[in-house]
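J.: For reference, the chains in residue letters:
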Amino acid sequence: MINLTINGLKISVEEGTTILEASTFLGFPIPTLCNMEGLSPYGACRLCVVEIEEGTNAKLVTSCTYLAEEGLKVKTASSRVIKARKMILELMLASCPQSKIIQDLASTHEVRQQRFKQEYEDCILCGLCVRMCEEQMMAKAIGFRGRGENRTVGSPFDSKSEVCRLCGGCMYVCPACQLRCTYNEPEKAICGGCANLSPPCIEKEKFDDMMCYMEPCVSCEIEKFNNGG
Amino acid sequence: MDLSPVADLIIKHNKERGKLISLLEDIQDKYGYLPDSALKYISENTGQSLVDIYGVATFYKSFRLKPVGKHNISVCLGTACHVREAPYISEEFERQLGIKAGETTPDKLFTLETVACLGACALGPIVVVDGHYFSNVKATDVKKILKKAREGIEKVKIKTDKRVFPVGVSCPRCNHSLMNPSHLVDGYPSIRVTVSFKNKHGWLALSSLYGSYAVDSEYKIPEDTIINFFCPHCHSELIGGTDCVECDAPMIPMIVRGGGIVQICSRRGCKGHMLDLSGIE
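The listed protein sequences derive, respectively, from chains A and B.
The first sequence begins at -2 in the numbering used here and counts up by one.
The second sequence begins at 112 in the numbering used here and counts up by one.
A hint or two may mislead.
Claimed, not checked - Cβ-to-Cβ under 7 Å is the rule here; a few derived chain A residues that face chain B: (1) LYS137; (2) GLY140; (3) PHE141; (4) ARG142; (5) GLY143; (6) ARG144; (7) PRO153; (8) PHE154.
Bear in mind the hints are in silico, worked out from the structure with no lab data behind them.
Beta carbons: idealized from backbone N, C-alpha and C, even for Gly.
Using the sequences provided together with the hints, build the complete structure.
T.: Below, the structure written as structure tokens:
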């Protein structure tokens, strides 16, 4: 057993337990995006960062991939951690604003504005679909191609994969391609409301399964106004 | 497409995942690029998934999935060339050839690529066409370079080249002279460089007579050894972007006094060399 301290609470965990698992067990929530039970930890989204050690040695690590160590001191919600998470969410909103999961995470972390160039990508390269395909569906039909800013997910040669069984697992786990806010025109995938200065939906408690959780949605309201009421 | 060479190479690299990159390198040497069918063949015959192989092939810049053109143009965009306006040169090539960097013209004649450093910073901006160096290139030279490439750059016939004349050379990185008047080889000042091979590290004196292969060295260098050359002044490795046409070992570029670049093969005993005097003219 390994003894460590999370937010001042002592806990003993088995060897091989990640910080994320240990703190979830203690009831300290750590937001995650690219982590999913049944898939190997990947550490791509960086949302689960926590602060380990103290003083000048303190550093941020991804709790989903960092294994518990003897005597480790972990802070899951220090100001540095919160600041880093907010920045990560802003970056995600900048690249993929239409994802309900990212919008929800931004709302709960009170990110109301993002400062970067707005792009409308539909992939944040979290690798969930790639791991789903490989580890749960045993297919290996899709993977990462290229590198750097040209990195994409897809099948080899962009052709129909021979090993894909069309199980839909990749779409099921994707944080970007499920439940989009589709505005009132389906061909426009983005309402843009989530990237506006202060989303009016922030007060709303439950989002349920609505396609657009913003009510009133800024864009819908403007549209109504333009159509004369 | 005949895939029997791929089958042989797979046996040579015995199907291990760790050998995938060397396998792909060998296949690219054979075909000039990585054909789709070859990647599929590897996947079927080694049990590795096509996605992984394709991921590796697209991750590394040195792998290409499309055939290359007859002439290969590399424009150096390394720091020293960049500040001397090399980006304009690459743009000019793109404009004249009607392709983007990394692409091949539809007539399969030219492949244009940009590279990070060709090891001859002192002569920048550098353009290398089919292994031949063009130095101090200006955007206005692009047309001449293309014309020259179309006509076919004069290839020195290594076995029949009978020219013999003394040359003075300097380091392509720092431009310091490499000539050593106190050590004569063939009766002329020798070219002094630092070499390393295996665990040995010492000096090497090359004959400065173009056409002579006489050398003098601190340690006896066994035939066929590929040697690393270093400048004795700036200690940077003398290495360019081209490989020897005879034996595929890396070529060592050196600046010829008076303008131009001479390249010699880094393999002991190989007589591969290339001389590009004063670039374009």
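J.: None of the hints should be skipped; say for each whether it holds.
T.: These are the hints, each one checked on the structure:
1. Residue-level restraint check for A/LYS137 holds (minimum Cβ-Cβ distance to chain B is 4 Å; threshold 7 Å).
2. For A/GLY140, the interface hint holds, since its Cβ comes within 7 Å of a Cβ in chain B; the closest pair sits about 4 Å apart.
3. Of the supplied interface hints, the one on A/PHE141 holds, with its beta-carbon coming within about 5 Å of a beta-carbon of chain B, less than 7 Å.
4. At about 5 Å, the closest approach between the beta carbon of A/ARG142 and any beta carbon in chain B falls short of 7 Å, and the interface hint on this residue holds.
5. Taking 7 Å as the C-beta contact cut-off toward chain B, the hint placing A/GLY143 at the interface holds, the least distance being around 5 Å.
6. The beta carbon of A/ARG144 comes within 5 Å of a beta carbon in chain B, closer than 7 Å, and the hint placing it at the interface holds.
7. For A/PRO153, the shortest C-beta to C-beta distance to chain B is roughly 4 Å, which falls under 7 Å, so the interface hint holds.
8. With 7 Å as the threshold, the beta carbon of A/PHE154 comes within range of chain B, its nearest partner Cβ sitting at about 6 Å, so the hint holds.
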